[in-house]
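Here are the chains, one letter per residue:
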Amino acid sequence: MGICQALHKQGSFMYSDLNQRLKADVRLEEGLQACMNCGICTAICPAAEFYEYDPRSIAITVQSGNHEKIAALLESDTIWYCGQCMSCKTRCPRNNCPGLIINVLRKLSQETGAFIKSRMGRQQYLIVKSIGANILQFGYCVHPTSLVPATHPEQGPVWRWVYENMHEVYAAVGANLDGDGPGAMRKISPTDLKELHQIFKVSGGLKLYQTIGHFSQLKAIELGLTDENGDADMEKYTQYLLNE
Amino acid sequence: MNNKHVAVIGGGIAGMEAASVLARQGLKVTLIEKQANTGGKLNDWDHLFPDFSSPEVLVNSLATKTKDSGVNTVYNTEISRIERAGKRFELRANQDARFYADAVLVASGFNVFDATIKEEYGYGLFGNVITSVDFEKRMKKHGQLHTIQGTDPKRVAIIHCVGSRDAKVGNTYCSKVCCITGIKQAIEISEMLPDCEVFCFYMDLRLYGSKFDSLYLQAQKRHKIQFIRGRLSEAAERADKSIQIKAEDTLQGRPLRMTVDMVILLVGMEPGASTSQLIQKNQMTVDENGFLKSANVHCARNQSTQEGIFMAGTAICPMAVNETIENARSATTEIIHFFENRRP
Ligand SMILES: Cc1cc2nc3c(=O)[nH]c(=O)nc-3n(C[C@H](O)[C@H](O)[C@H](O)COP(=O)(O)OP(=O)(O)OC[C@H]3O[C@@H](n4cnc5c(N)ncnc54)[C@H](O)[C@@H]3O)c2cc1C
Ligand code: SF4
Ligand code: SF4
Ligand code: SF4
Numbered sequence: 003m004g005i006c007q008a009l010h011k012q013g014s015f016m017y018s019d020l021n022q023r024l025k026a027d028v029r030l031e032e033g034l035q036a037c038m039n040c041g042i043c044t045a046i047c048p049a050a051e052f053y054e055y056d057p058r059s060i061a062i063t064v065q066s067g068n069h070e071k072i073a074a075l076l077e078s079d080t081i082w083y084c085g086q087c088m089s090c091k092t093r094c095p096r097n098n099c100p101g102l103i104i105n106v107l108r109k110l111s112q113e114t115g116a117f118i119k120s121r122m123g124r125q126q127y128l129i130v131k132s133i134g135a136n137i138l139q140f141g142y143c144v145h146p147t148s149l150v151p152a153t154h155p156e157q158g159p160v161w162r163w164v165y166e167n168m169h170e171v172y173a174a175v176g177a178n179l180d181g182d183g184p185g186a187m188r189k190i191s192p193t194d195l196k197e198l199h200q201i202f203k204v205s206g207g208l209k210l211y212q213t214i215g216h217f218s219q220l221k222a223i224e225l226g227l228t229d230e231n232g233d234a235d236m237e238k239y240t241q242y243l244l245n246e
Numbered sequence: 005m006n007n008k009h010v011a012v013i014g015g016g017i018a019g020m021e022a023a024s025v026l027a028r029q030g031l032k033v034t035l036i037e038k039q040a041n042t043g044g045k046l047n048d049w050d051h052l053f054p055d056f057s058s059p060e061v062l063v064n065s066l067a068t069k070t071k072d073s074g075v076n077t078v079y080n081t082e083i084s085r086i087e088r089a090g091k092r093f094e095l096r097a098n099q100d101a102r103f104y105a106d107a108v109l110v111a112s113g114f115n116v117f118d119a120t121i122k123e124e125y126g127y128g129l130f131g132n133v134i135t136s137v138d139f140e141k142r143m144k145k146h147g148q149l150h151t152i153q154g155t156d157p158k159r160v161a162i163i164h165c166v167g168s169r170d171a172k173v174g175n176t177y178c179s180k181v182c183c184i185t186g187i188k189q190a191i192e193i194s195e196m197l198p199d200c201e202v203f204c205f206y207m208d209l210r211l212y213g214s215k216f217d218s219l220y221l222q223a224q225k226r227h228k229i230q231f232i233r234g235r236l237s238e239a240a241e242r243a244d245k246s247i248q249i250k251a252e253d254t255l256q257g258r259p260l261r262m263t264v265d266m267v268i269l270l271v272g273m274e275p276g277a278s279t280s281q282l283i284q285k286n287q288m289t290v291d292e293n294g295f296l297k298s299a300n301v302h303c304a305r306n307q308s309t310q311e312g313i314f315m316a317g318t319a320i321c322p323m324a325v326n327e328t329i330e331n332a333r334s335a336t337t338e339i340i341h342f343f344e345n346r347r348p
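Those protein sequences? They're chains B and P, same order as listed.
With this note's numbering applied, the first sequence has no gaps in its numbers, which climb one by one up to 246 at the end.
With this note's numbering applied, the second sequence has no gaps in its numbers, which climb one by one up to 348 at the end.
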């Protein structure tokens, strides 16, 4: 069974009501009043300087309500280039905010599984696995113990030294790494972690994690990254994503 | 009707034209102007689109007409209040001067958008960023355009819609005359400095007038003015005082950076400064853009929402000179009807 068939079977690619689903998100109301195609957002956008990325055309596409074009956006790398700096919000002469439109498209791409169709989209799985897990486990998006030097070469050689002498270094700069009581990088109490967990549950965050995991598994199977039982091998898939 | 008295507030071209027409109809007319001269904004302009004619000649001929028709013109007097007094109106000026009239014509004009509000364009911060109004004043005074360094500019960018069609500054309407003002100024620069490259950054070219599109054609064909469809996000001054601008060329779908020697901001038209004062103490109101509201936009354009108070010219909405003058004449017709239909 092809991936698309699999997805259709679960009714996840609901192209027919994409527009409705976009409009149901309150952020679109805030993000797109009416675009006059002026290009100020693209002119100010840092992502547009580096990528084939044009927030104006995203605003226009969503405004057009064209199903095929919106579906293509959901499946594209494009929507993942935005750095969420929100500079576009400060300048748009129509008070739109393409950064918010992007938020809505991303969410829909995650919910429908369209994200697995693009390289940038597939990275969602890695983000859930790292930042998504960190926030629930530690109460921090990024925790020093999670920044393993081998998988984070961008941190540079000094980081390896910091990592290996973590407790001494953090104490020396006055932080309270994993300690009880106040201070930077303190341990987040179990009560607070429970609350955080509850927030993710009630707000739909956990469900989104599951959805991303689910579609990523389907993609792994499609790619033949399976174990002896024919189930998705997510370790192999992770390696695949890291090298993609 | 002959003993009726009309007070006209504002001695710009709208007020002058209306005052002289009314006086020639036999009405008693007082034209009240806050400045020392009549003529309004036209006193600052160097040449008029679409025919490059002289605003001075036009203002002088209107002044002669006003004088010859017997209008009583009062200078240096700013009206701050129009109040109903029985069947008449009492007008008050700041210096406690009072005028009484049977009908009032408000021709108090418009305000130029303050470009420092659009701070990302650097007006008031960078010496080589000027407005279309500065351009007219400089041309009128010096007859030439220089950068702040005193050199001839080699590249000029003209920016459309500054202070218009922009929810961020609170003005969502189009100022109507700035597109053609930009094209006129681009042609003037190109004639003065044939080696200078001129770029117009526009969103829509709104060239509604009968002669406007031919100026656009002339600008492209004869003067090689470049038109780029995209609105500026920001301007920044470089060490050598040149200006770097950022926009998107929306027809190519590409972000664009360009360095120019000068930037001219086509500032829009806003409701006149005294509008908010003049509508107090009577039933006048303003429309969604803050200009004086007509009783009916189609068939009673010059009637305000207060019976007996009329309006003319750019106090109603942005318009060019010829429209302003036509509009002023139409206001006089409404005033005459008002007196004719009113029982004594
Ligand atoms: C940059 C620029 C360039 C332009 N160039 C052209 C052009 O080339 N050709 C063209 O056709 N149009 C041009 N226009 C449009 C033109 O300026 C207007 O059409 C014209 O000025 C309108 O005249 P007005 O009498 O309505 O208003 P104004 O010119 O504003 O005159 C109003 C008068 O009322 C007076 N006044 C205001 N309030 C009071 C008060 N409370 N009491 C007493 N007096 C008061 C003011 O002092 C002023 O004298 C240009 C506009 C701009 C912004
Ligand atoms: S929020 Fe996204 S689209 Fe908006 S300016 Fe920043 S990077 Fe560009
Ligand atoms: S700045 Fe606003 S109006 Fe202009 S293209 Fe972007 S979203 Fe549309
Ligand atoms: S006339 Fe042209 S420059 Fe002026 S506000 Fe309208 S579109 Fe913009």
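To be clear, the hints were calculated from the coordinates, so they are not data collected in a lab.
There's no promise every hint is true.
From the structure, some residues in chain B lie toward chain P, with a derived Cβ separation under 10 angstroms [what the hints assert, rightly or not]:
#: 1; residue: C40
#: 2; residue: D56
#: 3; residue: R58
#: 4; residue: R93
#: 5; residue: Y165
#: 6; residue: N167
#: 7; residue: V171
#: 8; residue: Y172
#: 9; residue: A173
#: 10; residue: G176
Cβ coordinates follow ideal geometry from the N, Cα and C atoms, glycine included.
Q. Measuring from the C-beta of B/Y172 to each C-beta in chain P, is the shortest one below 10 angstroms?
A. This hint is violated: B/Y172 lies away from chain P, its Cβ roughly 40 angstroms from the closest one there, beyond 10 angstroms.
**Q.** chain P contact restraint for B/R58 - C-beta distance below 10 angstroms
**A.** Holds, about 6 angstroms.
(Q) Let's test the interface hint: is any C-beta of chain P closer than 10 angstroms to that of B/N167? (A) violated (44 angstroms)
Q: Would you check whether B/V171 satisfies its interface hint, that is, whether its CB is within less than 10 angstroms of any CB in chain P?
A: violated (40 angstroms)
Q: Could you check if B/A173 really has its C-beta closer than 10 angstroms to a C-beta on chain P?
A: Violated, about 44 angstroms.
Q) Is the shortest C-beta separation between B/G176 and chain P less than 10 angstroms? A) Cβ of B/G176 sits 39 angstroms from chain P, so the hint is violated.
Q. Can B/D56 be said to touch chain P, with a Cβ gap under 10 angstroms?
A. Constraint on B/D56 satisfied, holds at 6 angstroms.
Q. Can the hint on B/Y165 be confirmed by a CB-to-CB distance to chain P that is less than 10 angstroms?
A. violated (39 angstroms)
**Q.** Supplied contact hint for B/R93, tested at 10 angstroms Cβ to chain P
**A.** Hint on B/R93: holds, closest Cβ of chain P at ~6 angstroms, below 10 angstroms.
Q.
Using the nearest Cβ pair, does B/C40 come within less than 10 angstroms of chain P?
A. holds (4 angstroms)
The structure fails hints 5, 6, 7, 8, 9 and 10 (numbered hints given earlier, in ascending order).
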